[in-house]
Structure formats: structure tokens, C-alpha cells
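Protein chains: 2
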Amino acid sequence: MELEEDYVIFGERLAEASGKIIRETFNKNRVVQYKDDGSPVTSADKDAETVMRDMIMVEYPNHGILGEENKSWQIGSECLWVLDPIDGTKNFASGFYNFGTLIALVIGGRFALGIINQPVLNQCWVGVAGRGTLFNGDLTETRECSELGEAWMCSTTPNMFRGSKENSYKKLSSIVKHSIFGSDCIGYAMLSCGQIDIVCEAQLKPWDFAAHIPIIEGSGGIITDWSGKKLTLESSGEVLAAGTEELHKQAVLALA
Amino acid sequence: MELEEDYVIFGERLAEASGKIIRETFNKNRVVQYKDDGSPVTSADKDAETVMRDMIMVEYPNHGILGEENKSWQIGSECLWVLDPIDGTKNFASGFYNFGTLIALVIGGRFALGIINQPVLNQCWVGVAGRGTLFNGDLTETRECSELGEAWMCSTTPNMFRGSKENSYKKLSSIVKHSIFGSDCIGYAMLSCGQIDIVCEAQLKPWDFAAHIPIIEGSGGIITDWSGKKLTLESSGEVLAAGTEELHKQAVLALA
Numbered sequence: 039m040e041l042e043e044d045y046v047i048f049g050e051r052l053a054e055a056s057g058k059i060i061r062e063t064f065n066k067n068r069v070v071q072y073k074d075d076g077s078p079v080t081s082a083d084k085d086a087e088t089v090m091r092d093m094i095m096v097e098y099p100n101h102g103i104l105g106e107e108n109k110s111w112q113i114g115s116e117c118l119w120v121l122d123p124i125d126g127t128k129n130f131a132s133g134f135y136n137f138g139t140l141i142a143l144v145i146g147g148r149f150a151l152g153i154i155n156q157p158v159l160n161q162c163w164v165g166v167a168g169r170g171t172l173f174n175g176d177l178t179e180t181r182e183c184s185e186l187g188e189a190w191m192c193s194t195t196p197n198m199f200r201g202s203k204e205n206s207y208k209k210l211s212s213i214v215k216h217s218i219f220g221s222d223c224i225g226y227a228m229l230s231c232g233q234i235d236i237v238c239e240a241q242l243k244p245w246d247f248a249a250h251i252p253i254i255e256g257s258g259g260i261i262t263d264w265s266g267k268k269l270t271l272e273s274s275g276e277v278l279a280a281g282t283e284e285l286h287k288q289a290v291l292a293l294a
Numbered sequence: 039m040e041l042e043e044d045y046v047i048f049g050e051r052l053a054e055a056s057g058k059i060i061r062e063t064f065n066k067n068r069v070v071q072y073k074d075d076g077s078p079v080t081s082a083d084k085d086a087e088t089v090m091r092d093m094i095m096v097e098y099p100n101h102g103i104l105g106e107e108n109k110s111w112q113i114g115s116e117c118l119w120v121l122d123p124i125d126g127t128k129n130f131a132s133g134f135y136n137f138g139t140l141i142a143l144v145i146g147g148r149f150a151l152g153i154i155n156q157p158v159l160n161q162c163w164v165g166v167a168g169r170g171t172l173f174n175g176d177l178t179e180t181r182e183c184s185e186l187g188e189a190w191m192c193s194t195t196p197n198m199f200r201g202s203k204e205n206s207y208k209k210l211s212s213i214v215k216h217s218i219f220g221s222d223c224i225g226y227a228m229l230s231c232g233q234i235d236i237v238c239e240a241q242l243k244p245w246d247f248a249a250h251i252p253i254i255e256g257s258g259g260i261i262t263d264w265s266g267k268k269l270t271l272e273s274s275g276e277v278l279a280a281g282t283e284e285l286h287k288q289a290v291l292a293l294a
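Order-wise, the sequence lines are chains A and B. Count along the first sequence from 1, then add 38; that gives the number in my numbering. Count along the second sequence from 1, then add 38; that gives the number in my numbering.
Warning: the hint list may mix true and false statements.
Treat identical chains as interchangeable: a pair holds within one or across any two.
Said to hold, decoys possible - When the alpha-carbon atoms are kept at most 27 Å apart in a straight line, the in silico DSS-like pairs for lysine-lysine are as follows: (1) Lys209 <-> Lys267; (2) Lys215 <-> Lys287; (3) Lys208 <-> Lys73; (4) Lys209 <-> Lys73; (5) Lys215 <-> Lys267; (6) Lys215 <-> Lys203; (7) Lys243 <-> Lys58; (8) Lys66 <-> Lys84; (9) Lys203 <-> Lys287; (10) Lys267 <-> Lys287; (11) Lys267 <-> Lys73; (12) Lys267 <-> Lys208; (13) Lys84 <-> Lys215; (14) Lys243 <-> Lys73; (15) Lys215 <-> Lys66; (16) Lys73 <-> Lys215; (17) Lys287 <-> Lys243; (18) Lys243 <-> Lys109.
The hints are simulated quantities; they were obtained by calculation from the structure and are not laboratory data. Since the model is a prediction, treat every value here as computed from it, not as a measurement.
Put together the whole structure using the sequences plus the hints.
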């Protein structure tokens with residue numbers, strides 16, 4: 039199924055509207071509240087999601103919405119918008135730049151559109167299934183790295199790996215050239231631009247990874263769960279992205 | 039001793055000259071080499087340090103230089119410039135923004151001037167002993183947080199804590215509200231701006247922390263080694279910075 043161009047343009051409008059709110063709040067006096075799971079949330083998270091939800095409900099009343107900060111809406115719909123208004127809230131609230139808005143459109147279970155928008159830096163990555171990924175309008179490409187021992191890997195925090203996942207992660211981490219932390223969604227953006235070779239993460243929710251699928255695939259990379267299986271909205275939250283097939287295979291083996 | 043205003047202006051000229059080189063290289067095709075200790079270095083690191091060394095040798099031929107990328111020069115001098123052309127090379131080489139140039143002037147063993155310059159974002163922090171720290175010309179101030187359980191802490195990587203230091207760090211980390219990684223020098227900059235409450239790090243060299251001392255102190259914060267002792271060029275590399283005295287005391291106890 040070819041993605042309607044209207045959806046891409048609308049996704050970019052969502053990024054623009056949420057970005058305006060986030061830009062106005064970044065590095066200002068922040069008020070942090072806490073969700074039931076103990077994770078922080080700011081007024082910018084809530085307001086940015088609200089503005090996107092309102093726009094979707096007006097423009098596409100038959101579509102569903104799965105967002106980080108609000109109740110699900112019509113999630114059985116053929117077309118489902120998956121939203122994370124600020125991925126990297128801790129970085130955002132601390133003045134670091136590794137955060138962004140994630141917008142994905144899932145059509146009939148297929149990850150059709152993905153957007154990572156860093157509104158303070160005016161950086162936007164747009165991935166559409168079957169097309170090349172664009173970064174601020176230019177095609178992106180993952181870089182050639184076929185040896186795990188040469189690979190630069192990033193993850194948001196080592197604290198996301200628990201139990202047996204921690205051992206698997208440590209094995210992979212002991213083989214790669216460098217492990218970098220604090221990346222949040224910008225790690226996937228840098229992978230698509232050929233600046234990083236691997237992103238390995240765990241405990242992610244659909245809104246944390248849905249947008250990355252068309253972005254990584256459209257830049258020549260591979261993104262799956264840790265066992266190499268395609269990600270779905272029901273995946274358990276372990277995500278492995280790599281710039282080349284060789285690297286991805288080696289990483290799956292190391293995590294096994 | 040009052041710091042000569044000329045030194046501050048000259049330090050800013052060093053930041054400007056090194057920043058030009060770094061801006062031209064960021065997110066371009068990078069060539070990474072490796073030093074004897076296995077840490078990466080780019081041509082931007084080397085060129086940015088060279089331009090600063092050349093300027094110092096011309097302007098202040100009697101001063102000494104201690105830099106990350108080149109041999110020491112007249113380090114017994116009363117006035118010693120301590121330079122890290124790119125603190126956060128891994129972030130820089132991967133397209134993340136948490137990196138900066140560190141410039142410090144030590145006069146008779148006293149940390150007299152410190153500069154953190156993020157040249158891509160045009161952000162510059164200037165600390166002078168006995169004065170208020172300036173961020174792009176505006177006074178900075180650490181924020182009020184007197185309870186470890188409420189504190190947001192950052193560190194560059196958990197891999198910098200080894201042996202008994204790892205246990206101490208884990209104890210502190212288990213008490214604070216949040217631990218964020220990947221911060222490099224920008225963590226100290228955010229502490230001075232009241233965006234973060236604690237920075238806890240280990241294995242730092244003088245060029246990794248010298249600039250931070252006047253910056254943190256000039257914004258109302260405290261920076262010492264893990265036992266609460268003042269940092270010197272001979273300190274063993276464990277650094278603890280906090281926004282308030284109460285918080286610093288509690289952190290020293292947790293690390294003991």
C-alpha cells in the first residue's frame with residue numbers, strides 16, 4: 039500500500055505544532071510531575087501531546103491514537119497514530135539536547151510513517167515505508183561497519199537492562215568498540231545519518247520505537263527485537279538497530 | 039590575587055579560535071584515531087588544541103600549558119593554561135551535542151579562570167574565581183535542592199566507576215531521584231545553570247575538571263573530590279559537584 043502523501047504532510051504539521059510548545063518551554067523554569075511508574079513528565083509533554091491529539095481528531099476522526107501521556111483512542115482503527123511528545127524527558131528537563139518528538143502512523147499493523155523531530159535544533163527526520171529517509175529534506179544513509187569490534191553503540195541508560203537482559207547487553211557491550219549513553223531517540227536519528235553503528239535498548243514502549251522503524255529501514259539499516267524478529271506493537275520492548283546486515287546478525291548472536 | 043581582565047578576554051579568544059575549527063568539523067566525515075589509552079581522538083581535537091597552544095605561546099611566552107592532546111609545556115610556570123580541546127569526543131564524533139572545549143588558567147596553583155565553550159550551539163560559560171559565573175553574558179545560579187532523594191544527578195558513563203568506586207557510586211545513585219548519563223562537560227554547565235543538582239564522576243584528568251572549578255563555585259555550587267577535599271592538579275580524578283552545601287554533604291557521606 040502506497041502511503042498517502044497527505045499523511046506525511048499532516049505528520050510534519052503535527053511535528054511543527056508540538057515543536058512550538060516544546061521550544062517555548064525548553065530551559066525555562068520547569069515543573070516536573072511524576073507518573074504512576076515513577077517516570078517524570080512535564081507540562082510540555084502533556085501540552086505537546088494534547089495539541090497533536092486534537093489535530094488528529096479533527097482531521098482524521100476515524101483514526102486511532104496511542105500516546106504516551108493520554109488514554110488510547112480508537113486503537114482498533116486501521117490507521118493508528120503513535121505519539122511520544124517528548125522522548126527523552128529527563129534530558130529535556132535537564133537542559134540536554136538528546137530528546138525529540140516521535141510521531142508514527144501504523145496502517146493495518148504496518149509501520150508506514152515515522153518522524154523524529156528535535157524542535158530546539160530544528161532537526162527533523164522523516165521515514166516512509168518503501169522510501170528513503172529524509173533528514174531536513176536530505177536523504178540519509180547508514181554507514182558501512184561490518185565488524186562488531188569496530189562498532190560504536192549507544193543506549194539511553196544501562197539501567198534499562200534488567201535480569202537476563204543485563205547479561206546479554208553486557209556481552210554485546212564488551213565486544214563493541216565504544217558504548218555511549220544518554221542518547222534517547224537521537225541515537226536512532228544518528229544511526230540513520232551514519233554517525234553511530236548500533237542502538238541497543240530495552241523496556242521500550244510502542245511510542246518509543248514505532249517512529250524509528252521506517253526511519254532506520256529507509257536509511258539502509260535494520261531494526262528488530264533482540265532475537266531478530268520484526269517489531270510489532272506487541273513486541274516486548276527490546277530493540278536492536280544496526281547500520282548493516284552483517285553487524286545486525288553479529289549483534290543478535292551476541293545478545294542470544 | 040585579582041585576575042587580570044586581559045586573561046579573561048584572552049581565554050574567550052582561545053574559545054573563539056578553537057570553536058571555529060570544531061564547528062567546521064562537527065557532523066562532517068570524521069576520521070577517528072586512537073590514543074595509547076584506547077580513547078578516540080579526531081583531527082578537530084588536535085587542530086583545536088594546536089591553535090590554542092600557538093596563541094598562548096605568542097601572547098604569553100612565559101606561561102605553561104597542560105593539554106590533553108599534546109606534550110606539556112613549562113608546567114612549572116606560575117601561570118598554567120589547562121586545555122581540553124574537545125571534552126566529550128565520543129559524543130562529538132557521534133553527532134551528539136554534549137561536548138565542549140575546556141579552557142582553564144591556574145595561577146600559583148589556584149583555579150583562577152574556567153571556560154566551557156559549546157561552539158556548535160554558541161554557548162559559553164565563563165567562571166572567574168571570586169566572581170559570578172556568566173553563561174553567554176548572564177549570571178548563572180545553581181538551584182535549591184537540599185535532599186539527595188530529590189536530586190537529579192548526571193555522569194558521563196557508569197563505566198568510569200571501577201572497583202570500590204563502583205560500589206560508592208552505586209550507593210549514591212540508588213539514593214538520588216534520577217541518574218542521567220552521557221553528560222560530559224555539559225553536565226557541569228547545566229549544574230551551574232540550575233538544571234541539574236549533582237555531577238558525580240571518576241577517572242578525570244586535570245583538563246577534564248580544571249575549568250569547572252571557578253564555573254561551579256561562581257554559580258553558588260560546590261566542587262571537590264569524593265571525600266570533600268578541594269581539587270588540585272594532583273587530585274586522583276574523582277569529582278563531585280553539587281548545587282547546594284546540604285546536598286554536597288549528603289553526597290560525600292553516601293560515597294564514603
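Structure-based check of all given hints:
When the C-alpha separation of Lys209 and Lys267 is checked against a cutoff of 27 Å, the pair qualifies only within one copy, where the shortest distance is 20 Å, while the shortest distance between copies is 37 Å. Proximity of Lys215 to Lys287 under the C-alpha cut-off of 27 Å is restricted to the intra-copy arrangement: shortest distance 17 Å within a copy versus 37 Å between copies. Proximity of Lys208 and Lys73 under a CA criterion of 27 Å is satisfied inter-copy only: 24 Å between copies versus 29 Å inside one chain copy. Taking identical chains as interchangeable, the C-alpha atoms of Lys209 and Lys73 lie at most 27 Å apart only when they sit on different chains, with a minimum of 24 Å there against 32 Å within one chain.
In this homomeric assembly, Lys215 and Lys267 come within 27 Å of each other (Cα to Cα) only inside a single copy, at 25 Å, whereas the closest approach across copies is 35 Å. For a Cα distance limit of 27 Å, the shortest separation of Lys215 from Lys203 qualifies both inside one copy, at 20 Å, and across copies, at 23 Å. Within a single copy, Lys243 and Lys58 get their C-alpha atoms as close as 25 Å, which meets the 27 Å cut-off; across copies the closest is 41 Å, which misses it. When the C-alpha separation of Lys66 and Lys84 is checked against a cutoff of 27 Å, the pair qualifies only within one copy, where the shortest distance is 16 Å, while the shortest distance between copies is 36 Å.
When the C-alpha separation of Lys203 and Lys287 is checked against a cutoff of 27 Å, the pair qualifies only within one copy, where the shortest distance is 18 Å, while the shortest distance between copies is 35 Å. Proximity of Lys267 and Lys287 under a CA criterion of 27 Å is satisfied intra-copy only: 11 Å inside one chain copy versus 49 Å between copies. Taking CA atoms no more than 27 Å apart as the test, Lys267 paired with Lys73 passes in neither setting, with 31 Å inside one copy and 38 Å between copies. Within a single copy, Lys267 and Lys208 get their C-alpha atoms as close as 21 Å, which meets the 27 Å cut-off; across copies the closest is 34 Å, which misses it.
Taking CA atoms no more than 27 Å apart as the test, Lys84 paired with Lys215 passes between copies only; the shortest distance there is 21 Å, against 38 Å inside one copy. Taking the shortest Cα distances, Lys243 and Lys73 sit within 27 Å of each other inside one copy (15 Å), while across copies they are farther apart (39 Å). Proximity of Lys215 and Lys66 under a CA criterion of 27 Å is satisfied inter-copy only: 20 Å between copies versus 37 Å inside one chain copy. Taking CA atoms no more than 27 Å apart as the test, Lys73 paired with Lys215 passes between copies only; the shortest distance there is 14 Å, against 36 Å inside one copy.
Taking the shortest Cα distances, Lys287 and Lys243 sit within 27 Å of each other inside one copy (23 Å), while across copies they are farther apart (38 Å). Within a single copy, Lys243 and Lys109 get their C-alpha atoms as close as 14 Å, which meets the 27 Å cut-off; across copies the closest is 49 Å, which misses it.
In this structure, only the earlier hint numbered 11 is contradicted, and the remaining ones agree with it.
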